[in-house]
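Engineer: Chains as they are written, first to last, in the numbering used here: chain A, 1 to 356; chain B, 1 to 356.
Heads up, a few of these hints could be off.
Which copy is meant is left open, because identical chains are indistinguishable; a pair holds if it fits in one copy or across any two.
Mimicking BS3-like on lysine-lysine, the simulated pairs with C-alpha atoms at most 30 Å apart in a straight line are [stated by the list, open to error]:
hint, residue 1, residue 2
1, K311, K131
2, K131, K256
3, K177, K311
4, K311, K349
5, K284, K311
6, K131, K284
7, K284, K349
8, K256, K311
9, K131, K349
10, K177, K131
11, K349, K256
In case anyone wonders, no lab produced these hints; they're calculated from the structure.
Protein chains: 2
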Amino acid sequence: MANSYAVIMAGGSGTRFWPASRRARPKQLLPLAPGDDRSLLRATVERIRPLVPVERIYVVTSAALAEATAAELSELPRENVLAEPVGRNTAPCVGWAAATVRRRDPEGVMMVLPADHHIGDPEGYRAVLEKGLEAAGEGALVTVGIEPTRPETGYGYLEVGEALESGVHRARRFVEKPNRQRAEQFLAAGDFLWNSGMFFFRADSILGAIDAHLPGLAAALGEFDEAAARGEEATLVASRYAELPAVSIDHGVMEKADEVLVVPGSFGWSDLGSWTTAWELADKDEDDNALLAEAVAVDASGCYVSAPEGKLVALVGVQDLVVVDTPDALLVVPRERAQEVRAVVARLKAEGDERA
Amino acid sequence: MANSYAVIMAGGSGTRFWPASRRARPKQLLPLAPGDDRSLLRATVERIRPLVPVERIYVVTSAALAEATAAELSELPRENVLAEPVGRNTAPCVGWAAATVRRRDPEGVMMVLPADHHIGDPEGYRAVLEKGLEAAGEGALVTVGIEPTRPETGYGYLEVGEALESGVHRARRFVEKPNRQRAEQFLAAGDFLWNSGMFFFRADSILGAIDAHLPGLAAALGEFDEAAARGEEATLVASRYAELPAVSIDHGVMEKADEVLVVPGSFGWSDLGSWTTAWELADKDEDDNALLAEAVAVDASGCYVSAPEGKLVALVGVQDLVVVDTPDALLVVPRERAQEVRAVVARLKAEGDERA
């Protein structure tokens, strides 16, 4: 059987977790999962270690985060940290990683995993990854679909088709984030899964699909291969990366491919998308407060509180608030509007405020 | 004309301004007045300086706060800071100060002023004080009544009687804090004033009234005088003070006196009783936010924000909140419930938390 590789996409800027997250310390470098003091990135690596040795784990991140990422994952060979000079969505990221893997191992099978998800059931998760790798080993493009537990409008969906012998299904189609009514129809129908953003394929399979659907990207990756043979890849990446098409691997390749397979899974998955999700996942007191700080709550309920050690947070008579304190910035926002923190970060960035 | 003395009552513990106020740094030692970086106590002293020289300004505070109070008012003679071993409400405080003044100046006229009020119109205030001192010089017990601007249920009231030649009125009666309906009747009637807690009397007049209505206190004050003559007052105060009757000067003496005069006043008075009042007095932006910190407000209105220098506070989608941040404690409470912060302080005290 061919060797397995992991490619962890860790380039996110994570403004939705401000003020805990900052440009230089985004979501994936923070310990945001409940009851886990490891960063999301480290937890991601440790979760897959039973399946893939560190020498075959790659991380793609931004140049700005490369040092912090390498430091966080010091067990990885330094050359396994691929630093994008500029973010161009996921197709160039996946393509560059696939080219890197194929050069090393023409038959290599890779799984592509986001760095910032929370997994409640790591064993179930690994079982799904193994199934995905197995299906991909035969040449297929494979994705993971999460069994939905609510009519979520924040995710894309996959419509599931017939089951193959292996228990893996054909994906009938990709569906954009639906409105509430459609999301409820999807949930009722039972054959729609959340698109998790995890993928499995042989490196040569996805490069073939990129060749077919994103020829411009394929051409650039070919140049990267040639430069790599001369030991000049870094220079070429630095000058060419910004010209690559900024498109997602879903949109640019997977949705256009003749056939995509889907492994249905259910392993306590969450994309940890905002403080709202952090509250949902956290342990809560009898008044539904998630108090991740020393706190006094008087007639307060449904709140999420985070603060540095030694800081006392007193909530009196408030409901459903997110209160996140850090040494130089404090956020107060209703739990259901936590995503709007992006407006704050945008304003700070526009003003050149270093606390963005 | 007899000499004037000022007695500033500065023994409050000010839990309603937690977490800015602490046991060791209560309300009167904080710069809570809008646009004024002086502590309320210092502002009080400086406001009356045109009327009374520092040698004749006394401050009564608690033993725990004596050093901090003397340091805050370093221009006062150290012996003018009277330190109560234990708080026994205002009658012992006023009585002890009156005994101290009478020993020094048998004909002295004193004004008694709280240390923690805000005065919007200091000139108008001094005009009222002068009128009060003048009326008191003739032997009367005099108080100041504030012309009410709203049906406030948090203050006691004075019913005003006939005007004397001097423009000063007789006080018909003292009224306890009313309910809303009565407060509205008082406002409509037009002859009710807020009891400001400021008093004027000759030292010997108030001591005579204490003799008549609080004979136990009068006896103790007589012993203080005798001990003072022997240079042993401090020792006696330390051992006897806790036994003095814990009663207010209003309740224990003024309400029972045959005649009390009242000087009506209107000089932008506020008792700065809570964060709610602090918001009312503060400058506000177009969304009614009082931002006494570096802040980003996105769809936020009616909020009061205070934080240390260098701290950024982001409010998103919240209304009418008080957010007070300090290095070791943070408070979030709806503006109209700000008084309930006392519950937090009570809980911290019960737990022996030094942040109380």
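Engineer: Report the numbers of all earlier hints that the structure fails to satisfy, in ascending order.
Structural biologist: 1, 3, 6, 8, 9 and 11
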